[in-house]
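Chemist: One-letter residues, chain by chain:
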Amino acid sequence: MNKWKYIWFSLILLVVTAVLGYFIFAQQRSGAKYPFSFGLDLVGGTELIYQADTSNVDDVSGAMQTLKEVIERRVNIFGVSEPLVQTESAGLISGNSQERLIVGLPGITDIDQAVRLIGETPTLEFRLQRPDAQAFIEANPNATMGEVFTDTGLSGRYLSQARVEFDPNNPNKALVGLEFNSEGAELFKQITRDHKNEVLAIILDGSVISAPTIINEISDGKAQITGDFTPEEARDLVRNLNYGALPVPISLVSSQTVGAALGADALNSGVKAGVIGFIILSIFMILWYRLPGLVATVALVSYTIVSLVIFKLIPVTLSSAGLAGFILSIGMAVDANVLIFERTKEELKKGRNVYDAISEGFSRAWLSIRDSNISSIITAIILFWLGTSAVKGFALTLGIGVLVSMFTALTMSRTLLMAIAPKGDSAFKRFLFSNGFHIK
Amino acid sequence: MFIVKYRKIFFTISTLLVLGTIYGAYVYGFNFGVDFLGGTITEVRYPNTLPAKDSVDEAVTALNLGGFSVRTSETDRYIIRTKELSLEESASLRNALDKLDGEVDNSIVIERANTIGPVAGSELKDKAIKAILVVILMIVLFVTFVFRKVSKPVSSWKYGLSTIICLAHDVLIPTGIFIFLGAFYGLEIDLLFVSGLLAILGYSVHDTIVVFDRIRENLRINQEKRTNEEFESVVGKSVTQTMGRSINTSLTLLITLIALFVIGSSATRDFALLLVIGVIAGTYSSVFIASPLLVTFYKLQKKVK
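Same order as they appear, the protein sequences are chains E and D. Oh and the first sequence: position 271 is 271 in my numbering, straight run, nothing missing. For my numbering, add 1000 to where a residue sits in the second sequence, where the first one is 1.
Bear in mind the hints are in silico, worked out from the structure with no lab data behind them. Only a predicted model underlies this, so the values are computations on that prediction, with no experimental measurement involved. Keep in mind that a hint or two might mislead.
Straight-line Cα separation of at most 25 Å, DMTMM-like style, residue types lysine to aspartate or glutamate; simulated pairs [what the hints assert, rightly or not]:
{"#": "1", "chain 1": "D", "residue 1": "Lys1053", "chain 2": "D", "residue 2": "Asp1105"}
{"#": "2", "chain 1": "D", "residue 1": "Lys1225", "chain 2": "E", "residue 2": "Glu360"}
{"#": "3", "chain 1": "E", "residue 1": "Lys350", "chain 2": "D", "residue 2": "Glu1123"}
{"#": "4", "chain 1": "E", "residue 1": "Lys392", "chain 2": "D", "residue 2": "Glu1123"}
{"#": "5", "chain 1": "D", "residue 1": "Lys1237", "chain 2": "E", "residue 2": "Asp356"}
{"#": "6", "chain 1": "E", "residue 1": "Lys68", "chain 2": "D", "residue 2": "Asp1105"}
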């Protein structure tokens, strides 16, 4: 490439950086489409981790998906802004012994309220009553629920909707209409076909709320719970079924709450540390590496801007660990530049002219940059793979940082340096492009 | 090159530091945080009047929550560590703390309340150890792979072996310092500590590879020019050539980390401190341990022959 191409290319890169910089600035207004997404430890809020007991379920991932949807609905009706509900599967890879459900509630710092919001919600089951139930209970007064009612496999996870209905013959009598999803409808059809004239008990949270007798095979996946409901009771039950019936029982294993003030403080001081670190770093680079140091500073600015844009677009949830990973990656981003400049200096010492020394410095430093960064990326991937949410945030910002830094070192630093590299040779030019105390 | 020549001195320094870590682990043990042990940590801020620590101790004792510890933080808050608290127990702790400042109800702010069950905690510990081991293994495989073409005079797996020794060094020394800081200042070994260690591993290899890369290049140049240079002097030359870069990169990293330590939030302060120690240990090991070890391996190999 000739020099003019480098100059044009540099201008394009600088303009792109400026546009991306403006994008960040413009997207900072409230209501923007791509805001930064901050972790609970920076904005304040509560994270609840539940363990799901899936020992009685065959289709574990399906049950977890339904569980996630139910909890999402439940959280949403309480008007929490941007809640985050995730599942984490058990297994060798994640290192969990059980399926987990993670609920993030920004802005909620009262843990009692948060737990109530999720609720120790009831489970809905459909169980067949044994034909000799009456006699059996008389014989075994301490009979358990499981002995009297046998499991059918049909449970709240197959429910697609519940609603309040009224008996057409008696408008004052409320009914609860149930609608199953296709899988549940199939199961329900099978149960009602095979067990005519038996009692199918509807059990909510371990107690029988209704025990209708199966009269006909039901193939449309719809059922009604008749009971002596008042309209209010029916409405409560419908609400519980729609928002509360969990496919599998869950229990709270850990909770974390961070106050809004502590979060804001962490965010402000994290940003401040980043900015001040960046300024001192730039001063050091310019004093030690002179003109290339200035180029490195410009490359670092573009590195920061590109990373932040990526954080916005993906979006990466920035936690205090994530912020620390990013600040660390700024330091690592400098390394690529340092490697190149040190190599350039050596080539200058060998007697090459400035222009050749720079291009030689680049090509020689490249192997080291590539190999050393791959090892950092390996670390980031393993961290992301094994970590919990906090560690994942750190790994993600570090990994993105390393990749972006390699990219900016190759494009920005290289192009800018080649653009300003003088063709001729003089002591002054050598001074500008050399570094440290060894001026030759 | 003095580093290669006096390598035994540097090996001794590192060995002593590692022995110090083992001694610390034996005498003081690890001060694990609730992340790994399970339990509840409550950070309570008193915006107006901060009650005396004794009264906090008394109030918590009265609740019969079992063993606990109270630590002051900043100027206006206490951090209370207890067993894993149920919601009711948390509420009663909160009420008890609220009464201490002699002001109206709800005058305190719970800045942080983390509860982790013991099972979740020990699972996390297993996960952390697994992560460290997997990272070390992958990195060693990677180093062996990258240097696969360099087999003379030291075979490529020895570069990998030297890297493992350095990685162990870089994990053990910061851990040792944190064991002592834990014993005397209450710093805890938590999940963030483990991420910090992993970052140190990544950085240390990064640093070591740059030096190895230079050795590889110099060996190749010698081969092309058919120069017969002693391995010891090739290593010495490579270390000298990369010294400026090693120091400057560490300096730039240390600048950002020290900024994070001094200005950053209390949540990341210990983390920044860990990384500062780790970067120093990592730079030290890649310059003073990794490459000189190659020379030692080379000499051992010659003796055997």
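Chemist: Indicate, hint by hint, whether the structure satisfies it.
Modeler: So, going through the hints one by one against the coordinates:
1. D/Lys1053 / D/Asp1105: holds (20 Å)
2. D/Lys1225 / E/Glu360: Holds - the C-alpha atoms of E/Glu360 and D/Lys1225 are around 19 Å apart, at most 25 Å.
3. E/Lys350 / D/Glu1123: Roughly 57 Å separates the two Cα atoms, so the pair is violated.
4. E/Lys392 / D/Glu1123: The given pair, whose Cα atoms are some 17 Å apart, holds under the 25 Å limit.
5. D/Lys1237 / E/Asp356: holds (23 Å)
6. E/Lys68 / D/Asp1105: Violated: E/Lys68 and D/Asp1105 sit about 37 Å apart, past 25 Å.
Consistency note: the structure conflicts with the earlier hints numbered 3 and 6.
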